Amino acid sequence: MPIPEDVTGEEIDKDVRQELQSLPKTLAEDVAKNLVMVARLIDEDPEAAYGYSRVALRLASRVAAVREAAGFAAYATQKFGEALAEFRAARRMTGSVDLWPVMADCERGLGRPEKALDMAGAPEVHKLDKAGQVEMRLVAAGARRDMGQLDAAIVTLQSPELASSSVQPWTARLRYAYADALLAIGRDAEAREWFAKAVEADRDGSTDASDRLAELDGVEFVDALDESESEDSTGSTDAPAPAQDAEDPQGPQAGQDDRD
339 MPIPEDVTGE EIDKDVRQEL QSLPKTLAED VAKNLVMVAR LIDEDPEAAY
389 GYSRVALRLA SRVAAVREAA GFAAYATQKF GEALAEFRAA RRMTGSVDLW
439 PVMADCERGL GRPEKALDMA GAPEVHKLDK AGQVEMRLVA AGARRDMGQL
489 DAAIVTLQSP ELASSSVQPW TARLRYAYAD ALLAIGRDAE AREWFAKAVE
539 ADRDGSTDAS DRLAELDGVE FVDALDESES EDSTGSTDAP APAQDAEDPQ
589 GPQAGQDDRD
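Throughout, my numbering is defined as the position within the sequence shown, counted from one, plus 338.
None of these hints come from the bench; they were simulated from the model. Owing to the predicted nature of the structure, the values given are computational and were not obtained by experimental measurement. Each hint should be verified, as a subset may be incorrect.
[Claimed, not checked] Straight-line Cα separation of at most 27 Å, DSS-like style, residue types lysine-lysine; simulated pairs: (1) K352 - K453; (2) K352 - K468; (3) K417 - K371; (4) K352 - K371; (5) K453 - K465; (6) K363 - K352; (7) K468 - K453; (8) K417 - K363.
[Stated by the list, open to error] Listed next, with one range per pair, are the computed distances between beta-carbon atoms: (9) E528 - R430: 40 to 50 Å; (10) T364 - R541: 33 to 43 Å; (11) G524 - E367: 51 to 61 Å; (12) E538 - E367: 25 to 35 Å; (13) Q356 - D467: 17 to 27 Å; (14) I523 - L397: 41 to 51 Å; (15) V493 - K468: 13 to 23 Å; (16) R396 - G556: 49 to 59 Å; (17) A522 - K453: 17 to 27 Å; (18) V493 - D344: 25 to 35 Å; (19) E367 - G449: 47 to 57 Å.
No residue lacks a Cβ here, since even glycine has one placed at the ideal position from N, Cα and C.
Work out the full structure, taking the sequences as your base and the hints as a guide.
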């Protein structure tokens, strides 16, 4: 697959670069460039990222960072069985538990929420850092919802991290998941409160909490371009009135349940 001229391979994390030092120099450079493309495209074009990951995997399948990148690229394209196999391979190579939550989420993707819950109660969870433990909680709550256990999903998300007023990288997604679970059982007023809290914490647009909040408030967004085209079609020469848009700092992707 083509590599843009501006990609040198030096953009990769220093730890990954160190892993690649076990390869011949030219091969290491080729692998690094493909890994850069995976990271660059995984959000905007997952299928292309997956293609680059397969190239890297073909070149250096014995490098843990390559197996991990291939796993995330497969995960992004919902190839959950393939992703799980790659994550397991990376874990065998490194002995790290960092991939445990996403491995559990792959089990959900494969239609095995019970297995995901088993993993949520495994000793490996205690070895995760705080971010990993929160991620595991999100996966477990999602598994409960997969099984129709909505009340249990809410209880699963109730935690010191949810109650904390401190904003961490995971805060918006945790609050969003809690709001969504409340909404699923008809607790709309509480759901609105937590969607609002998610908006406050969502500094990088990792959820669509602002859209969900607006929907609950009955706010309808008007596309000014569509409105203008509609007036043009009727022969009107009047300029369209500006739409009264609600504030919307939201970017794409509401966190995989996150995939809920």
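> Where does the structure disagree with the numbered hints, that is, which hint numbers, in rising order?
Replying inline: 1, 8, 12, 18, 19
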